[in-house]
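**Student:** Below are the chains, spelled out letter by letter.
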Amino acid sequence: MHTTDICIIGAGPVGLFSVFEAGLLKMRCHLVDALPQVGGQLSEIYPQKPIYDIPGFPEVKAQQLVDNLMQQIAPFKPAFTLGERVEQISGDADSGFVVTTNEGTAIQCRAIAIAGGLGCFEPRKPAIERLEAFEGKGVAYMVKDPELFRNKEIVLAGGGDSALDWTIFLSNVASRVTLVHRGESFRGAPDSAEKVAHLAAEGKIGLILKSNILKIDGNGHLKEVHIANDKNEVTVMSADHLIPLFGLSPKLGPIADWGLQIDKSAIVVNTTDYSTNVPGIFAIGDINTYTGKLKLILCGFHEGAMMAQSAFKYVYPNQRLSFKYTTVNGVNAF
Amino acid sequence: MMIKITIEDRNGSRQLIEVPDDMNLSLMEALKAYEYSIMATCGGMALCATCRVEVLEGKDKLPPMSDAELDMLDTLPDATMNTRLACQLRVNEELENSVFRIGSEEY
Numbered sequence: 006m007h008t009t010d011i012c013i014i015g016a017g018p019v020g021l022f023s024v025f026e027a028g029l030l031k032m033r034c035h036l037v038d039a040l041p042q043v044g045g046q047l048s049e050i051y052p053q054k055p056i057y058d059i060p061g062f063p064e065v066k067a068q069q070l071v072d073n074l075m076q077q078i079a080p081f082k083p084a085f086t087l088g089e090r091v092e093q094i095s096g097d098a099d100s101g102f103v104v105t106t107n108e109g110t111a112i113q114c115r116a117i118a119i120a121g122g123l124g125c126f127e128p129r130k131p132a133i134e135r136l137e138a139f140e141g142k143g144v145a146y147m148v149k150d151p152e153l154f155r156n157k158e159i160v161l162a163g164g165g166d167s168a169l170d171w172t173i174f175l176s177n178v179a180s181r182v183t184l185v186h187r188g189e190s191f192r193g194a195p196d197s198a199e200k201v202a203h204l205a206a207e208g209k210i211g212l213i214l215k216s217n218i219l220k221i222d223g224n225g226h227l228k229e230v231h232i233a234n235d236k237n238e239v240t241v242m243s244a245d246h247l248i249p250l251f252g253l254s255p256k257l258g259p260i261a262d263w264g265l266q267i268d269k270s271a272i273v274v275n276t277t278d279y280s281t282n283v284p285g286i287f288a289i290g291d292i293n294t295y296t297g298k299l300k301l302i303l304c305g306f307h308e309g310a311m312m313a314q315s316a317f318k319y320v321y322p323n324q325r326l327s328f329k330y331t332t333v334n335g336v337n338a339f
Numbered sequence: 141m142m143i144k145i146t147i148e149d150r151n152g153s154r155q156l157i158e159v160p161d162d163m164n165l166s167l168m169e170a171l172k173a174y175e176y177s178i179m180a181t182c183g184g185m186a187l188c189a190t191c192r193v194e195v196l197e198g199k200d201k202l203p204p205m206s207d208a209e210l211d212m213l214d215t216l217p218d219a220t221m222n223t224r225l226a227c228q229l230r231v232n233e234e235l236e237n238s239v240f241r242i243g244s245e246e247y
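From first to last, the protein sequence lines stand for chains A and B. Residue 6 is where the first sequence starts when you use our numbering, and the numbers rise one by one after that. Residue 141 is where the second sequence starts when you use our numbering, and the numbers rise one by one after that.
Mixed in with the good hints there might be a few duds.
[Stated by the list, open to error] Distance condition first, Cα-Cα at most 30 Å in a straight line; then the derived DSSO-like pairs of lysine-lysine:
1. A:K54 with A:K220
2. B:K172 with A:K54
3. A:K300 with B:K172
4. A:K130 with A:K256
5. A:K298 with B:K172
6. A:K130 with B:K144
7. A:K236 with B:K199
8. A:K149 with A:K228
9. A:K298 with A:K256
10. A:K200 with A:K220
11. A:K66 with A:K215
12. A:K149 with A:K209
13. A:K142 with A:K157
14. A:K31 with A:K54
15. A:K318 with A:K329
16. B:K172 with A:K130
17. A:K149 with A:K236
18. B:K201 with A:K298
19. A:K66 with B:K172
20. A:K269 with B:K172
21. A:K142 with A:K130
22. A:K256 with A:K142
23. A:K54 with A:K300
24. A:K82 with A:K66
25. B:K172 with A:K256
26. A:K215 with A:K157
27. A:K215 with B:K199
28. A:K228 with A:K269
29. A:K130 with B:K199
30. B:K144 with A:K200
31. A:K215 with B:K201
32. A:K130 with A:K228
No lab work stands behind these hints: they were computed from the structure.
Just chain A, same shape as in the assembly:
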């Protein structure tokens, strides 16, 4: 079990800067992020894009901002758990909280700051009858271990790059690979699209265009896939595995189950200190909502500072908080 003062869920810019604000008040932080690296959207989605509205930086590249933040918070020695998603929160502000990830990592803390940004990116699920009944029983939304598919009959669905790439890859692994796509061509990645067309022409894969999977069936495990073409003619194909690849979409994920007040996929907060309806749990940055909310990094920085001031009473219940400027007091490393 890890122990810290504030567990920060999300290691994007706002989560990172909160470590600094907490550190000034002598509170330690442990950050958890589902992505394998820090920086959130900035590192994952647009690392080389310039940002123009960070005070004091006329222009800064997203990844550079993340690197700078890491340098800024280094004196406060934050702990990181990366590549794991927080699943569960237990306890309360009086007895302390325990935050648990999908890998079983547990972090004991006095306060929690949710800086989850857009939320977790989860696979987009198509409307296929009985799809969820066969999740983990033949239906998978991502390829974790290709060996699982060796000498099996695989059906993939989708038209994006990952559908094309996995079709090509699995054609050398599985006994039969069929790609089902609703369109009549592939608009992205011309190289991959060409390769798929080539494999289909050679008979190495099945390519079913202008078609959709209607339903799936089986007996405890997936056995067959029902595919309808644009004339609504249905073919039934045997399959050991179905891999629908329709990209990822940002979802609140487990956060929705923690008893927090939610409005349109965002956490409702009190703007005095960005606290949620659960004492000891705060929400800062893009994941929260309030009247006049602006999803800006600079607003998230402000929210992190206010959160830290308020979290102090949970970490040091018997101490009085005195506000000090860094110019006067310096930055006192841990």
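Dock chain B against the given chain A, drawing on the hints supplied.
**Tutor:** Same frame as chain A, now just chain B:
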């Protein structure tokens, strides 16, 4: 100049909205300003597709899609040839008199 656009909501009722063309607004931002219930989770980066719309009229006048929009639409399970991401459409005279239907809420 005010651009006139007709919006069909998820219940099928239509409303004519007027959006200024000199504020660099996207159609997504205009829809939010008119309080249509769209999530627009990603804030306009073509990442979430929660602002997708079906173009019912005026498709041919619309500007071509960027790679980001193409990639996203290619990925979706239910996009049609008439689906666009509202966040990627700038409100200007190319949208005058067009008709859009708000996409389903799932995702």
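**Student:** Sort out whether K199 (chain B) lies within 30 Å of K236 (chain A), counting only the CA atoms.
**Tutor:** Since the Cα atoms of K236 (chain A) and K199 (chain B) sit roughly 25 Å apart, the hinted pair holds (cutoff 30 Å).
**Student:** Quick one, are K215 (chain A) and K157 (chain A) close enough, alpha carbons at most 30 Å?
**Tutor:** holds, 25 Å
**Student:** Going straight from one Cα to the other, do K215 (chain A) and K199 (chain B) come out at no more than 30 Å?
**Tutor:** holds, 21 Å
**Student:** Is the Cα-Cα distance between K172 (chain B) and K256 (chain A) 30 Å or less?
**Tutor:** holds, 19 Å
**Student:** Is K82 (chain A) within 30 Å of K66 (chain A), Cα to Cα?
**Tutor:** Distance ~24 Å between K82 (chain A) and K66 (chain A) Cα, so the pair holds.
**Student:** Is the hinted pair K66 (chain A) and K215 (chain A) satisfied, with a Cα-Cα distance of at most 30 Å?
**Tutor:** violated, 41 Å
**Student:** CA of K269 (chain A) to CA of K172 (chain B), is that 30 Å or under?
**Tutor:** Roughly 13 Å separates the two Cα atoms, so the pair holds.
**Student:** Given the hinted pair K130 (chain A) and K256 (chain A), is their alpha-carbon gap at most 30 Å?
**Tutor:** holds, 12 Å
**Student:** For a C-alpha distance cap of 30 Å, please report whether K298 (chain A) and K256 (chain A) respect it.
**Tutor:** Cα-Cα ~19 Å, so holds.
**Student:** Going straight from one Cα to the other, do K54 (chain A) and K220 (chain A) come out at no more than 30 Å?
**Tutor:** violated, 42 Å
**Student:** Does the alpha-carbon distance linking K228 (chain A) and K269 (chain A) stay inside the 30 Å limit?
**Tutor:** violated, 38 Å
**Student:** Holds or violated: are the alpha carbons of K31 (chain A) and K54 (chain A) at most 30 Å from each other?
**Tutor:** Violated, at about 34 Å.
Hints 1, 6, 11, 14, 17, 18, 28, 30 from the list above are not met by this structure, while the remaining hints are.
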